[in-house]
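Visitor: In case you want the letters, here they are:
Protein chains: 2
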Amino acid sequence: MSKSLKDFYVIPEVDSVRTIAIASACSDDIDLACEAVKIGIARFIFIGNAKSINEKLVGMEFPKDMYDVVAANSEHESASLMMKLIQDGSADIPMKGLMQTGTFMKAILESDQGLRTSQLISQITIFEGINNKLQLLTDCAVNIEPDLKSKIGIINNAVEIAVNLGLNNPKVALLGSVETVNPRMLDTMESAVITQMNRRNQISGCTIDGPLALDNAISFEAAKKKGIQSDVAGNADILVAPNLLVSNTLSKAITYYANKESASVIAGTKRPVVMTSRTDRKNNKLNSIAIACYLHTKL
Amino acid sequence: MSKSLKDFYVIPEVDSVRTIAIASACSDDIDLACEAVKIGIARFIFIGNAKSINEKLVGMEFPKDMYDVVAANSEHESASLMMKLIQDGSADIPMKGLMQTGTFMKAILESDQGLRTSQLISQITIFEGINNKLQLLTDCAVNIEPDLKSKIGIINNAVEIAVNLGLNNPKVALLGSVETVNPRMLDTMESAVITQMNRRNQISGCTIDGPLALDNAISFEAAKKKGIQSDVAGNADILVAPNLLVSNTLSKAITYYANKESASVIAGTKRPVVMTSRTDRKNNKLNSIAIACYLHTKL
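Respectively, the protein sequence lines represent chains A and B. Residues 1 to 299 (the working numbering) are what the first sequence spells out, left to right. Residues 1 to 299 (the working numbering) are what the second sequence spells out, left to right.
Calculated from the structure, these hints are not laboratory results. This structure is a prediction, so every number in the text was calculated from the model and none was measured. Treat each hint with caution, since some may be false.
With the Cβ distance kept under 10 Å, some of the chain B side facing chain A (calculated, not the full set) [claimed, not checked]:
(1) Cys34
(2) Val37
(3) Ile144
(4) Ile218
(5) Glu221
(6) Lys226
(7) Leu245
(8) Ser247
(9) Asn248
(10) Ala258
(11) Thr279
(12) Arg281
(13) Asn283
Below are the SDA-like pairs computed for lysine to any residue, each with C-alpha atoms no more than 25 Å apart in a straight line [to be verified]:
(14) Lys226/B to Met275/B
(15) Lys226/A to Met275/B
(16) Lys282/A to Leu81/B
(17) Lys298/B to Gly205/B
All residues carry an ideal CB built from backbone N, CA and C; glycine is no exception.
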């Protein structure tokens, strides 16, 4: 597997550059798109207030053949037009601009022309971890308090993304605050159950172990000191958080305390979806666009 | 407030060096003590298997006046003798060696000669955060799923420690995954309640705000982007986690992803207590000893 997110800034032949449709594209989105175009990772369709968008584009060095503008009068219409562009093949990847997450996700998951599959929808943060490799952390955005079945869906989605990024049979750590199973701590019980289901091939394509505290999951030194026997401990590729409170805090520690680059992807949809937060750092947004384009080539 | 944990490596006059009694001192503990003595932050009493301890000390450059050895035949006896040494004034600070946490804490909290107060017992991790200052994170070790009343105890303990470290009226962020109050997410409701109790002076000596996601708590840039009006956001001194899963994972991210130095203290006891984990990094253990000695001077 690659060591850096920049490895996925693949510059494809011009005819294969993916087109991203941004619903309710705002000024920041257009600046971001301009950078993505300069790097050569995508072209764009800006959907929203055409007057504002065109005014923003005046004076920018944005190659005219690398964007289109589609007028929409509301968030709802923006989202609806975005999905139409995906359906008719004019765009490859939908992206959230400055609009409510709920409005965006509703359009993405609509029953008739949406991108819903039978899989659970989940989010994955990909970041430049320790042990000199990329690591995946899930779910930092969609599932607040996943039950056992949802956790299995979250794992399957992350394994699929890891494989598409070039990592076969990823090592999956189920995060906890301890490495022992404690009947009074539900997350440790569920981690034990999922680990055993993996041994019985009820969850396949990966090697799972948990519960593991973060240090035991990612540091050989810490796992060794604790005497943990595990194929995953010390070298996890995928970190599965017990809930959103943990994943959200951990993902922000990775950005703000450790200053590591990351990308965010939505999994479980028919095709990649870009949904960044307006508080994400610019590089992380670019990484997310690049990863979505890369994953689109794997469809 | 100081910017570095090294600022608390105060080298006192010889007659005021604090004496630390280590219950069930093992080989690693003696190596650690030797380093602490070299830096000049403490002297030690090693309690445990006297033969093993003395064999370990042979050939070490450990000044003879900087340690004593007390024989004990079991973990229980070690812990009991440690508390006797504290009671009779031979030692100032109790420290856990290689023994069960439960045995150690039981001795510390014993009703007759223990160190229990009317306060809740909690743990605080002090680390070199961002914004060029020390930050406190609590509770990473003792309270698994604190209720509202326990959270208030945890906050009061952390504020007391912060003040003793030189920080008056610390800014306290109540961590969550969002900054909005959501009636379906209990932690956000409790954070709102605690924030308002602080405004009513039911919790004093600090400025509290929450819920705040980690980025909003520690990054001005993130808080500004979200438009959060707060005296705490972007500049928190104390981070209060909603539960142990969050704090444990965050504290390990700070060590393993961000490579930041930290110290761990127990609060709510009559005097400082050193309780490090055998998986803690050596520097973090030294920091914990130094901070305990420093806090002892504030009694």
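Visitor: Now tell me, hint by hint, if it's right for this structure.
Guide: Checked hints:
no.: 1; hint: Cys34; verdict: violated (20 Å)
no.: 2; hint: Val37; verdict: violated (24 Å)
no.: 3; hint: Ile144; verdict: holds (7 Å)
no.: 4; hint: Ile218; verdict: holds (6 Å)
no.: 5; hint: Glu221; verdict: holds (8 Å)
no.: 6; hint: Lys226; verdict: holds (6 Å)
no.: 7; hint: Leu245; verdict: holds (5 Å)
no.: 8; hint: Ser247; verdict: holds (8 Å)
no.: 9; hint: Asn248; verdict: holds (4 Å)
no.: 10; hint: Ala258; verdict: holds (4 Å)
no.: 11; hint: Thr279; verdict: holds (5 Å)
no.: 12; hint: Arg281; verdict: holds (9 Å)
no.: 13; hint: Asn283; verdict: violated (14 Å)
no.: 14; hint: Lys226/B to Met275/B; verdict: violated (39 Å)
no.: 15; hint: Lys226/A to Met275/B; verdict: holds (17 Å)
no.: 16; hint: Lys282/A to Leu81/B; verdict: violated (58 Å)
no.: 17; hint: Lys298/B to Gly205/B; verdict: holds (17 Å)
Figure legend: structure checked against the earlier numbered hints; hints not met, in rising order: 1, 2, 13, 14 and 16.
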